[in-house]
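Engineer: Okay, here's what each chain looks like letter by letter:
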Amino acid sequence: MLEIKNLHARIVDDGTEIIRGLNLTVKAGEVAAIMGPNGSGKSTLSYILAGREDYEVTEGDILYNGQSILGMDPAERATSGIFLAFQYPMEIPGVATMEFLKVAMNEQRKARGEEPLKIPEFLKRVKEAAASLSMDMAMLKRPLNVGFSGGEKKRAEILQMKLLEPKLCVLDETDSGLDIDALKIVSDGVNALRAPDRAFLVITHYQRLLEHIVPDTVHVLYKGQVIKSGDKSLALDLEANGYAGVIGEAA
Amino acid sequence: MPAVQETIDRVRKIDVDQYKYGFQTEIAMDKAPKGLSEDIIRFISAKKDEPSWMLEWRLEAYRRWLTLDEPTWARVHYPKIDFQDIYFYAAPKSTPGPTSLSDVDPELLKVYEKLGIPLREQEILAGVQKTDASELEEASDNVYKSGRVAVDAVFDSVSVVTTFKKELAQAGVIFCSISEAIREHPELVKKYLGSVVPTSDNYYATLNSAVFTDGSFVFVPKGVRCPMELSTYFRMNEKNTGQFERTLIIAEEGAYVSYLEGCTAPQRDENQLHAAVVELVALDDAEIKYSTVQNWYPGDAEGKGGIYNFVTKRGDCRGDRSKISWTQVETGSAITWKYPSCILRGDDSSGEFYSIAVSNGYQQVDSGTKMIHLGKNTSSRIISKGIAAGFSQNTYRGQVSAHRKATNARNFTNCDSLLIGDQCGAHTVPYMEAKNSTAQFEHEATTSKISEDQKFYVMQRGIPEEEAIALIVNGFVKDVIQQLPMEFAVEAQKLIGISLEGSVG
Numbered sequence: 001m002l003e004i005k006n007l008h009a010r011i012v013d014d015g016t017e018i019i020r021g022l023n024l025t026v027k028a029g030e031v032a033a034i035m036g037p038n039g040s041g042k043s044t045l046s047y048i049l050a051g052r053e054d055y056e057v058t059e060g061d062i063l064y065n066g067q068s069i070l071g072m073d074p075a076e077r078a079t080s081g082i083f084l085a086f087q088y089p090m091e092i093p094g095v096a097t098m099e100f101l102k103v104a105m106n107e108q109r110k111a112r113g114e115e116p117l118k119i120p121e122f123l124k125r126v127k128e129a130a131a132s133l134s135m136d137m138a139m140l141k142r143p144l145n146v147g148f149s150g151g152e153k154k155r156a157e158i159l160q161m162k163l164l165e166p167k168l169c170v171l172d173e174t175d176s177g178l179d180i181d182a183l184k185i186v187s188d189g190v191n192a193l194r195a196p197d198r199a200f201l202v203i204t205h206y207q208r209l210l211e212h213i214v215p216d217t218v219h220v221l222y223k224g225q226v227i228k229s230g231d232k233s234l235a236l237d238l239e240a241n242g243y244a245g246v247i248g249e250a251a
Numbered sequence: 001m002p003a004v005q006e007t008i009d010r011v012r013k014i015d016v017d018q019y020k021y022g023f024q025t026e027i028a029m030d031k032a033p034k035g036l037s038e039d040i041i042r043f044i045s046a047k048k049d050e051p052s053w054m055l056e057w058r059l060e061a062y063r064r065w066l067t068l069d070e071p072t073w074a075r076v077h078y079p080k081i082d083f084q085d086i087y088f089y090a091a092p093k094s095t096p097g098p099t100s101l102s103d104v105d106p107e108l109l110k111v112y113e114k115l116g117i118p119l120r121e122q123e124i125l126a127g128v129q130k131t132d133a134s135e136l137e138e139a140s141d142n143v144y145k146s147g148r149v150a151v152d153a154v155f156d157s158v159s160v161v162t163t164f165k166k167e168l169a170q171a172g173v174i175f176c177s178i179s180e181a182i183r184e185h186p187e188l189v190k191k192y193l194g195s196v197v198p199t200s201d202n203y204y205a206t207l208n209s210a211v212f213t214d215g216s217f218v219f220v221p222k223g224v225r226c227p228m229e230l231s232t233y234f235r236m237n238e239k240n241t242g243q244f245e246r247t248l249i250i251a252e253e254g255a256y257v258s259y260l261e262g263c264t265a266p267q268r269d270e271n272q273l274h275a276a277v278v279e280l281v282a283l284d285d286a287e288i289k290y291s292t293v294q295n296w297y298p299g300d301a302e303g304k305g306g307i308y309n310f311v312t313k314r315g316d317c318r319g320d321r322s323k324i325s326w327t328q329v330e331t332g333s334a335i336t337w338k339y340p341s342c343i344l345r346g347d348d349s350s351g352e353f354y355s356i357a358v359s360n361g362y363q364q365v366d367s368g369t370k371m372i373h374l375g376k377n378t379s380s381r382i383i384s385k386g387i388a389a390g391f392s393q394n395t396y397r398g399q400v401s402a403h404r405k406a407t408n409a410r411n412f413t414n415c416d417s418l419l420i421g422d423q424c425g426a427h428t429v430p431y432m433e434a435k436n437s438t439a440q441f442e443h444e445a446t447t448s449k450i451s452e453d454q455k456f457y458v459m460q461r462g463i464p465e466e467e468a469i470a471l472i473v474n475g476f477v478k479d480v481i482q483q484l485p486m487e488f489a490v491e492a493q494k495l496i497g498i499s500l501e502g503s504v505g
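Taken in sequence, the protein lines are chains G and E.
Residues in the first sequence are numbered consecutively from 1, following the UniProt record's numbering.
Residues in the second sequence are numbered consecutively from 1, following the UniProt record's numbering.
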């Protein structure tokens, strides 16, 4: 589903190279965990996948279902099924969460040539999805992410993911700022979405999240490259021994 | 071949395609020669069958105007206006005094149809349909209740048809063209015309007093709550015709009226001058709500053409506990010079100003309000949202003052500016003056840019760039949109989106 080939990317403003020859393949139905120390390029990778303009790809390619996505803008990538759950979701003052959901869902439908959702159907879907994440409908009347707690923001991200039904879900440090109860709710939400035709890229610092969202593969990112790949035991190994061993091995 | 392609591209770039309401209508016009003189004013007055006192009033204003200089303090720049090159009067030819829609020029009705104006009575009676999102909208204070709007349509300069007059008459409300009011209700016009904006007020208001051709007149008698929203759609049509509307609204003791003004104009090359005057008078316990959505031609991509909009709007809270509220959504015009103001004369009176000013391309906006606190315990509230994109300049200019007798005057001002791109400018020029130590004025101002982070986030959900900007901007202006009557709010949100098209990329 996702094939990243010898990817090199730099920050447009100052030319700093962050991703330096990254290779990664994620199959449909797979949950791939991306781990790595601070500054290894994890979040950058998620932004580049989503098409953020601050980064420039200088070499290599990103294939999604066999097609390069490098020429697509963030909205086009989103409508093709790529979703990024942000580490720090943005506040959108004055735009009720409900309204935002409706616009996003209908814009994606429009791009696929489908009719906009009828209001009762839209409400039904939102109510179900919100209930499954223990979210109060009253919260959805508030402007998106404005004044939301860390946990509420992350839940709102998963709610959007549920409703938009993407095929490639990128979760950027979704566990940061979550207490154990919220972590459970968010993880359950993600697990419920696991499907044979859907892949996940779970970016995290800690093993903790991977106890709840059990990965099929684990990849260690260091200095903009995948330096080691393995199964879920690799995450446990990292938890026990830290990154130093793996980094030393690769060097 | 390349030449042909170039022509096609050029034609496409001209805003014909982009300006949704840019079309012209062929209707036989009846116009005065170009230029301005006492004779032209006599011509206008005669055309309108005005009594001699009205003519004298106009001539006096004209003589005063000749002694005045065009103001230059606003942050707007434009070539000098040649007043001798403007037609000051143009009326659509029509059978005299149309009594029903069937008497009105069908071409005219077609224009209204294109604009989607619900002029036909059956449409109006059918009421305004609520939008599908209503279930989700937070209920605002001004949910549109009656579902009906009475329209006084001004086509260029003459009121063509007035609907719902009978029902309004039953309530005792007078809603007609100002020309008709001058003929039918001279005592009211004499008493109130120029009592808020005197003929000597300012350059453009004085000009308007001399040459105003038409506008609306509303009189709501004591204790009457106007049974429906009153609405005027202005539309400039004839080339080179200055538009000089004059509107006068009077709410007697305990009366209430809500008035909507909406404007679109056809596209053209030469600049069009528009200098309207609106006067509101609220007596004891009366309330007037005046809402505007302004969408005049802003000029083409290079800043050529477009409407010059120099407007004087002022409300006089003449009575105790009276209230006047201005809400405006300004998206059009090449130049906007407009400061809807409140004179808080009565004790415990209050004034409000809610404004959204959107500028794109080479538009220049200098707009704001004045809150003049004269009475005791008067309060005012100013919420201004300026959005600048393209190469535009957007200035908020506001004055809040408390007279020495205005004990316990209160004002709250909030001015937010939002910049889209880095070629535009937003400016805030607040003047505050308290001659009374008990006055309390609060002022908040922010300027922000739509951040790349926000835009990226919204686009990541599958929302294309222009829609993403429109969504963020509509969130930014929500406080003001909520002040608009429901059916206007929906229109205004769409308009803001349209106005910002092409502001990115």
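Do not take every clue at face value.
DSBU-like mimics (lysine-lysine), calculated; alpha carbons at most 35 Å apart, straight line [stated by the list, open to error]: (1) G:LYS127 / E:LYS449; (2) E:LYS304 / E:LYS435; (3) G:LYS141 / E:LYS478; (4) E:LYS304 / E:LYS376; (5) G:LYS127 / G:LYS184; (6) E:LYS304 / G:LYS127; (7) G:LYS110 / E:LYS376.
Ranges between beta-carbon positions, derived for each pair [said to hold, decoys possible]: (8) G:GLY147 / E:PHE83: 53 to 59 Å; (9) E:SER448 / G:GLU53: 17 to 23 Å; (10) G:ASP179 / E:SER448: 27 to 33 Å; (11) E:THR447 / G:SER149: 39 to 45 Å; (12) G:LYS5 / E:SER448: 38 to 44 Å; (13) E:VAL429 / G:ALA131: 47 to 53 Å; (14) G:LEU193 / E:VAL429: 48 to 54 Å; (15) E:THR447 / G:GLU53: 22 to 28 Å; (16) G:VAL12 / E:GLY303: 27 to 33 Å; (17) E:ARG75 / G:SER132: 52 to 58 Å; (18) G:ASP54 / E:GLU501: 22 to 28 Å; (19) G:GLY147 / E:GLU444: 47 to 53 Å.
These aren't lab readings, by the way, just hints derived from the structure by calculation.
C-beta: ideal position from N, C-alpha, C; glycine also.
Engineer: So, for every hint listed, does it hold in this structure?
Structural biologist: Now for the hints, and whether the structure bears them out:
no. : hint                            : in the structure
1   : G:LYS127 / E:LYS449             : holds (34 Å)
2   : E:LYS304 / E:LYS435             : violated (45 Å)
3   : G:LYS141 / E:LYS478             : holds (14 Å)
4   : E:LYS304 / E:LYS376             : violated (48 Å)
5   : G:LYS127 / G:LYS184             : holds (20 Å)
6   : E:LYS304 / G:LYS127             : violated (51 Å)
7   : G:LYS110 / E:LYS376             : violated (57 Å)
8   : G:GLY147 / E:PHE83: 53 to 59 Å  : holds (54 Å)
9   : E:SER448 / G:GLU53: 17 to 23 Å  : holds (20 Å)
10  : G:ASP179 / E:SER448: 27 to 33 Å : holds (32 Å)
11  : E:THR447 / G:SER149: 39 to 45 Å : violated (28 Å)
12  : G:LYS5 / E:SER448: 38 to 44 Å   : holds (40 Å)
13  : E:VAL429 / G:ALA131: 47 to 53 Å : holds (51 Å)
14  : G:LEU193 / E:VAL429: 48 to 54 Å : holds (53 Å)
15  : E:THR447 / G:GLU53: 22 to 28 Å  : holds (23 Å)
16  : G:VAL12 / E:GLY303: 27 to 33 Å  : holds (31 Å)
17  : E:ARG75 / G:SER132: 52 to 58 Å  : holds (54 Å)
18  : G:ASP54 / E:GLU501: 22 to 28 Å  : holds (25 Å)
19  : G:GLY147 / E:GLU444: 47 to 53 Å : violated (18 Å)
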